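Order-wise, the sequence lines are chains A and B.
Counting in this note's numbering, the first sequence runs from 1 upward without gaps.
Counting in this note's numbering, the second sequence runs from 1 upward without gaps.
Be a bit skeptical, because a hint or two may be false.
If chains are identical, the list can't say which one is meant, so a pair holds when it fits in one copy or spans any two.
Said to hold, decoys possible - No more than 25 Å apart at the CA atoms, straight line, and that leaves these computed lysine to any residue pairs for SDA-like:
1. Lys2 with Ala225
2. Lys279 with Val13
3. Lys45 with Ser245
4. Lys45 with Leu229
5. Lys91 with Ala289
6. Lys2 with Ser237
7. Lys279 with Arg43
8. Lys2 with Glu173
9. Lys2 with Leu292
10. Lys91 with Pro41
11. Lys2 with Gly208
12. Lys279 with His30
13. Lys91 with Leu292
14. Lys279 with Leu317
15. Lys2 with Pro222
16. Lys42 with His202
17. Lys2 with Gly282
18. Lys42 with Pro287
19. Lys2 with His202
20. Lys42 with Glu183
21. Lys279 with Gln167
22. Lys2 with Phe205
23. Lys279 with Glu76
24. Lys279 with Arg27
25. Lys45 with Ala126
26. Lys279 with Arg17
Just so you know, these hints were derived from the structure itself, not from any lab.
Keep in mind it's a predicted model, so treat the numbers as computed, not measured.
2 protein chains.
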Amino acid sequence: MKKLINDPNDVVVEALRGIEAAHPELRVDHESKVIYRGDAPKRGKVGLISGGGSGHEPLHGGFVGLGMLDAACAGEIFTSPVPGQILAATKLVDGGAGILHVVKNYTGDVMNFEMAAEMAAAETGARIVSVVTDDDVAVQDSTWTAGRRGVGVTVLLEKIAGAAAEQGRDLDEVAQVARTVNENGRSMGLALTSCTVPAAGHPTFDLGDDEMELGVGIHGEPGRARLPLAPASEIASLLVEPILSDLPFTRGNPVIAFVNGLGGTPLIELYVVFNEVQKILGGRGVPIARSLVGSYITSLDMAGVSITLLRVDDELLSLWDAPVNTAALRWGI
Amino acid sequence: MKKLINDPNDVVVEALRGIEAAHPELRVDHESKVIYRGDAPKRGKVGLISGGGSGHEPLHGGFVGLGMLDAACAGEIFTSPVPGQILAATKLVDGGAGILHVVKNYTGDVMNFEMAAEMAAAETGARIVSVVTDDDVAVQDSTWTAGRRGVGVTVLLEKIAGAAAEQGRDLDEVAQVARTVNENGRSMGLALTSCTVPAAGHPTFDLGDDEMELGVGIHGEPGRARLPLAPASEIASLLVEPILSDLPFTRGNPVIAFVNGLGGTPLIELYVVFNEVQKILGGRGVPIARSLVGSYITSLDMAGVSITLLRVDDELLSLWDAPVNTAALRWGI
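So here's chain A without its partners, still in its complex pose (with noise of 0.2 Å):
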């Protein structure tokens, strides 16, 4: 295992002291393992709180700022949160007008937020809704889940429906927003490579120098076929396929197209995948309204990438264009 750490146990713990020193407009409650806005909590404003296992950044620490999430709780690598992490973020960022959970789908992260919302709502009385994103077309159940898997829509649905609760906005309404980002997005990863989980210290699966895992969760977890090797034009088409065969994503109707890195993957291979996945929506009439190109949700060290497409109207396109200030997300401001 080549890794730039030192205990293996120690990586999340050094990470958020890390965090906080290059981000000083963050802060970070490290008992709890928790980052949240140096601004927090803002008065009349919906709390935005999100978090899971870590080993997928920047998701979700370097999403929590301006226009994005008030706090996010970093479980161990891979591993959810403790209900103890999440009730302590909603004491921290709790501003009155309630509090929306952001939560992937994974058992063990429903389970906890669940709980901490339970603990919450008796403890202070805040007000909470949980959002449950479950975008990954890649396989109905899973090792770790129940029904599909929550991937790349997380990161767009933390722009914009904390763009929502920035503006201002009453928490049915910025949970309204997020279910219909959820509703409207779908997603699909391929690996080229396994991860390894630090305290494991050997990769999670095997993976033959001329294979590829098609449709890979994002700790590993196994997808719906292992292919030979493949050029990047037709993973680009394994991958966005099945995800237009999903819902209607139909001619003139316009997207946001994220092609995501799952940690080990360099840019210059990102583009390469995202020119692909531009001739196949040209191909099929679906305009690209915006992009994202980079490594926002990983696995650790995987090499791969994951595709996210989201329908979008002019309301969640001003909501994505509206300011955000955050250390994996930053424009208008």
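Given chain A, put chain B in place with the hints provided.
Frame of chain A, contents of chain B only:
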């Protein structure tokens, strides 16, 4: 070789098409492989042109835009752009106030930018000044250089000199700012793995499972030493100490601290390294005024990290903080 590509010979051409599709505010001259600002030429503004071999993305194309570069010339992978490309870029962005060439110190780049400057001066009469970066303290001469290699400081220089040009300063002033950045910045890198050039199809160098290359160049050039794998704390020290001893980084003199991934390294590891860097600097009383953590000057899929420290005063800091709107760096707008 596992890469998200089609024909290895088409990687640069296709990536440029992807960049053009993903960033509508940019223009791409595909024949000359030049990425340039959609609003170029900016009348009365000094034009900043950089470029170099591809494979270091987002450098340089990801830094084209308001407050940074006017144009970037993309050579083939790890191969200098030819003079004709640089000449084409000059014509595309010449706003009549002169042109600054930002050149990393590699023999081919220096020669080709020089030749292009002569051609442009003869053809268009444009006044052109070159600033060469040579911030890598690892080795004095190298595979592809006389003198030190230009690495991470190039990113900081393009941002800071770009801000000076955007403010309307004249060519001599912008060039002076650029020289000041190069003189006050030092870098060093370390590889955990080799990179693989697509057309070669095999790793550039061999590195054992328990080895790392200290002082590696951004094309996989040999560094100072082949060492046994070490924890992040030791790696940070192996990189920071030679930097600190190369310039008087004195107590109280603030720096921009830049921890850069080499392409195959996940963000969580970069934050672990940043934590070590801030501890070392804290112990020396060197304040971190600003930081940059991410993969900005890469070596294809190489796993590893480089560290750049730049001594700054209020003037350089205010140029760093000025608005920038590029694919890879964006703030204030």
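Going down the list of hints, with the structure as the test:
1. Lys2 with Ala225: between (28 Å within a copy, 17 Å between copies)
2. Lys279 with Val13: Intra 43 Å, inter 15 Å, cutoff 25 Å: inter-copy only.
3. Lys45 with Ser245: neither (38 Å within a copy, 49 Å between copies)
4. Lys45 with Leu229: Classified as neither: same-chain Cα gap 48 Å, cross-chain 48 Å, threshold 25 Å.
5. Lys91 with Ala289: Answer is neither: 38 Å inside a copy and 31 Å across each miss the 25 Å cutoff.
6. Lys2 with Ser237: Result: close only across copies, 18 Å inter versus 32 Å intra.
7. Lys279 with Arg43: neither (46 Å within a copy, 35 Å between copies)
8. Lys2 with Glu173: Classified as neither; 46 Å inside a copy, 45 Å across copies.
9. Lys2 with Leu292: between (29 Å within a copy, 23 Å between copies)
10. Lys91 with Pro41: Cα proximity of Lys91 and Pro41: one copy only (9 Å, versus 52 Å across).
11. Lys2 with Gly208: Both: 19 Å inside a copy, 10 Å across copies.
12. Lys279 with His30: between (46 Å within a copy, 17 Å between copies)
13. Lys91 with Leu292: neither (32 Å within a copy, 30 Å between copies)
14. Lys279 with Leu317: Intra 22 Å, inter 42 Å, cutoff 25 Å: intra-copy only.
15. Lys2 with Pro222: both (23 Å within a copy, 19 Å between copies)
16. Lys42 with His202: neither (43 Å within a copy, 53 Å between copies)
17. Lys2 with Gly282: neither (41 Å within a copy, 27 Å between copies)
18. Lys42 with Pro287: neither (37 Å within a copy, 30 Å between copies)
19. Lys2 with His202: both (10 Å within a copy, 19 Å between copies)
20. Lys42 with Glu183: neither (28 Å within a copy, 43 Å between copies)
21. Lys279 with Gln167: neither (36 Å within a copy, 39 Å between copies)
22. Lys2 with Phe205: Both. Shortest intra-copy (16 Å) and inter-copy (16 Å) distances satisfy the 25 Å Cα cut-off.
23. Lys279 with Glu76: between (39 Å within a copy, 23 Å between copies)
24. Lys279 with Arg27: This pair counts as between: shortest inter-copy Cα distance 18 Å, intra-copy 42 Å.
25. Lys45 with Ala126: Answer is within; shortest intra-copy Cα gap is 13 Å, inter-copy 54 Å.
26. Lys279 with Arg17: between (42 Å within a copy, 10 Å between copies)
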